[in-house]
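**Student:** In order, the protein sequence lines correspond to chains A and B.
Our numbering puts the first residue of the first sequence at 1, with every later residue one more than the last.
Our numbering puts the first residue of the second sequence at 1, with every later residue one more than the last.
Check the hints yourself; a few may be wrong.
Here are some of the chain A residues that sit facing chain B, going by a computed Cβ distance under 10 Å [what the hints assert, rightly or not]:
1. V4
2. D27
3. N31
4. Q38
5. A45
6. L51
7. P82
8. G83
9. E93
10. T101
It should be emphasised that the hints constitute simulated quantities derived from the structure, not laboratory data.
Built from N, CA and C at the ideal position, the CB exists for glycine as well.
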Amino acid sequence: QQQVRQSPQSLTVWEGGTTVLTCSYEDSTFNYFPWYQQFPGEGPALLISILSVSDKKEDGRFTTFFNKREKKLSLHIIDSQPGDSATYFCAAENTNTGKLTFGDGTVLTVKP
Amino acid sequence: EAAVTQSPRNKVAVTGGKVTLSCNQTNNHNNMYWYRQDTGHGLRLIHYSYGAGSTEKGDIPDGYKASRPSQENFSLILELATPSQTSVYFCASGERGRGAETLYFGSGTRLTVL
């Protein structure tokens with residue numbers, strides 16, 4: 001069963017544009033939501049994360065938003081750069097088990 | 001700097017053969033994980049460990065065994081490899097802080113079972 005749904009599967013934006021990736025979940029026990037970035041040939045690496053007690057977390061050009069009522073989160077990348085081209089995974093951690101569930105990922109391509 | 005090293009980087013195996021994927025971490029993290037990554041399925045948890053001597057089943061453990069002989073090493077074992085196990089496998093170590101865990105991934109092992 002898919003507990004974390006991520007969209008879109010792939011996305012192409014122009015350099016300088018804004019990228020928006022979204023995720024939704026169903027399990028109310030999820031309390032921590034990290035985003036991982038993966039470049040080709042490498043393992044994923046933590047990009048930014050948010051706890052369920054917050055609704056926004058910003059780190060440079062990257063901002064993640066969390067809507068507890070709608071059970072949705074999003075990742076916004078402003079001034080997108082070709083170097084941002086990668087696969088992005090949202091994930092959710094279960095409060096009770098500590099286990100992390102990943103979405104299927106979004107392949108982002110930023111064209112110069 | 002945190003380091004998780006996987007070996008081999010690439011492996012070709014025959015159906016029915018035994019395959020061992022190795023992972024070493026120098027982070028001194030208690031938690032270690034094995035995931036597989038397939039197109040359209042993201043990262044799926046196979047086995048994990050809370051420390052030396054412990055292994056736990058993840059979400060898709062069938063056909064896999066794990067071994068954690070020490071804090072640093074965590075292996076994934078396919079006793080009878082099948083073509084459906086062709087995938088990219090990632091090992092990770094985990095560090096929990098402020099109530100949330102950060103995973104540090106290795107570079108992956110691409111396994112092809114013929």
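**Student:** Failing hints, ascending?
**Tutor:** 2, 7 and 8
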